[in-house]
Amino acid sequence: MKLNYIFGTLYSILAVTSVYGEIGSLLSPQKQRYYEYQQHEIDANYEKLHYDWLSPINLKASSMYEKSASYGAKDTRQSLSAGIAQDLFRSGGITYAIEYAHSKKEANTLALGKEIATVSQQLVNAVLTYRKNAIALQQSDLRLKNTQIEIFLKRKQYEAGDIDITFLNNALMNQSSELKNNTSLRYALAQQKFEAAKLSDISIDSIAIPTYTLTQKETFLEEGWNIRTSQALSNSAAQQYGQIKSSYLPKLTLIADTGYQRFDSLTTASSDYHGNFYDAGLQISMPLAYNGSATSQEAQALYLKQQAQTADTKRQMDALYDQTVALIESYKRTIAITQENLRYYDELLGTTKAAVQAGYKAGYDLQTLQNTRSIEELEIKINEINIQIQLSVLHYHMRHSQESKL
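With this note's numbering applied, the sequence shown corresponds to residues 2 to 407, in that order.
Be aware that one or more of the hints could be misleading.
[Claimed, not checked] Within a straight-line C-alpha distance of at most 35 Å, the following computed DSBU-like cross-link-like pairs (lysine-lysine) qualify:
no., residue 1, residue 2
1, Lys-306, Lys-252
2, Lys-146, Lys-49
3, Lys-49, Lys-362
4, Lys-157, Lys-146
5, Lys-333, Lys-157
6, Lys-181, Lys-333
7, Lys-354, Lys-382
8, Lys-306, Lys-333
[What the hints assert, rightly or not] Restraint-style ranges between C-beta atoms, simulated for each label pair:
no., residue 1, residue 2, range
9, Thr-352, Asp-165, 40 to 48 Å
10, Gln-33, Ala-312, 32 to 40 Å
11, Pro-251, Leu-321, 32 to 40 Å
12, Thr-296, Asp-319, 34 to 42 Å
13, Asp-202, Ala-45, 23 to 31 Å
14, Leu-253, Asp-323, 49 to 57 Å
15, Gly-360, Gln-192, 44 to 52 Å
16, Gln-217, Tyr-35, 32 to 40 Å
17, Leu-321, Glu-37, 26 to 34 Å
FYI, nobody ran anything at the bench for these hints, they're computed from the structure.
These numbers were taken from a predicted model, which means no experiment stands behind them.
Beta carbons are placed, not taken as given, at the ideal position from N, Cα and C, and that holds for glycine.
All chains should be modelled from the sequences, with the hints used to inform the complete structure.
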């Protein structure tokens, strides 16, 4: 029995630490050890609940000196005994107790898996957001180059009297706005580094993130952490209700006691007794508790409430999936529009380059178009990361093949 417990504990630890192994291994050693200790606690609690219906063996030793006030008899009595009062039948309560232990362990292990998944998703989100902001910073640098060109050209036009100050002022305001955006992006990069450093000792630039794919809705709903955990809690509440209900029904108990007794009479030697003793019997009992019905109804209400919560969780996860897929589709459409714009910019760049070479256009026009095209190209990369962020949300809301036995 003890060997099975040890192997079961080791399996549970390996199962939990394999949750999202490609990311979980990147978490800090302290975080990984914390989750291992959490699983130890779950296994220990399961062991306790699984055998909680077994009564302990009570060991008792005594040594007494007795003197009778009536007859003046004196004697000593010493005994060593072991006794037990073990329930053999609880109107189904023993089965409920064992099943409750299994359900409780499943619910706790799923909750731990969900916690690991949530932390893993936080790390992934920090890394992907960092990459997205780094690309946005490249875009901002290109926009600043364009604002510098615009300011130069507007200043020349203003000094030549071709435009009024409003146009130059607008160009300066555009540059100021972009400088503020550039500063915000640099701070955002530092913030994401900080968020990643709270979870992993590895530099954010060195963390490898897998490519996520879209999961079928049926699989998502079947393997979702929230749904699985809610179902396990519902099953646990059902078993607990059965336990409480059965505790007010008849039960059969084995009562046994055995040991050794030494009795020495200091008055009459013939009364001495040294030897073993034992007794055994069965007891049938049923409590008549005033609040038994109310306690059972309370447990039943908790079970029905958990069932309703499970149904709500399914609806929420269904809505989350649809909302996420719709957002992914919007990013894909944006990418398609941007790709179409790039084809237009390529045509325009070809025409402008020829005009510059022929002397009809200034080199500033060509440089501005090239910068703008690069900005649009980087926009595709940003939206590709946005898609990965949304796919990671779905990915970490559900368990996968390596956790299917949790």
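Verification of the hints:
In summary, the hint linking Lys-306 to Lys-252 is supported, as the alpha carbons are separated by about 29 Å, within the 35 Å threshold. For the suggested pair Lys-146 and Lys-49, the alpha carbons sit about 68 Å apart, so the restraint of at most 35 Å is broken. Distance hint between Lys-49 and Lys-362 is unfulfilled; the C-alpha atoms sit about 83 Å from each other, more than 35 Å. A C-alpha spacing of about 17 Å is found between Lys-157 and Lys-146, which places the hinted pair at or below 35 Å, so the restraint holds.
A distance of roughly 42 Å separates the Cα atoms of Lys-333 and Lys-157; the hinted pair therefore is violated under the 35 Å criterion. Using a Cα cut-off of 35 Å, the hinted pair Lys-181 and Lys-333 holds, with the two alpha carbons roughly 29 Å apart. Distance restraint check for Lys-354 and Lys-382: the Cα-Cα separation of roughly 26 Å lies within the 35 Å cut-off, and the hinted pair is therefore satisfied. In summary, the hint linking Lys-306 to Lys-333 is not supported, as the alpha carbons are separated by about 41 Å, beyond the 35 Å threshold.
The hint said 40 to 48 Å for the Cβ distance between Thr-352 and Asp-165, and at roughly 30 Å that hint is violated. Evaluation of the 32 to 40 Å hint for Gln-33 and Ala-312 yields a pass: the beta carbon distance comes to about 35 Å. A C-beta distance of roughly 48 Å is found between Pro-251 and Leu-321, which places it outside the suggested range of 32 to 40 Å. For Thr-296 and Asp-319, the Cβ-Cβ distance of about 36 Å falls inside the hinted range of 34 to 42 Å, so the restraint holds.
Take Asp-202 and Ala-45: their Cβ atoms lie about 29 Å apart, and the range 23 to 31 Å holds. The hint said 49 to 57 Å for the Cβ distance between Leu-253 and Asp-323, and at roughly 54 Å that hint holds. For Gly-360 and Gln-192, the Cβ-Cβ distance of about 49 Å falls inside the hinted range of 44 to 52 Å, so the restraint holds. For the hinted restraint 32 to 40 Å between Gln-217 and Tyr-35, the CB-CB distance of approximately 33 Å keeps it satisfied.
The supplied range of 26 to 34 Å is met by Leu-321 and Glu-37, whose beta-carbon atoms lie about 30 Å from each other.
Of the hints listed earlier, those the structure fails to meet are numbers 2, 3, 5, 8, 9 and 11, in rising order.
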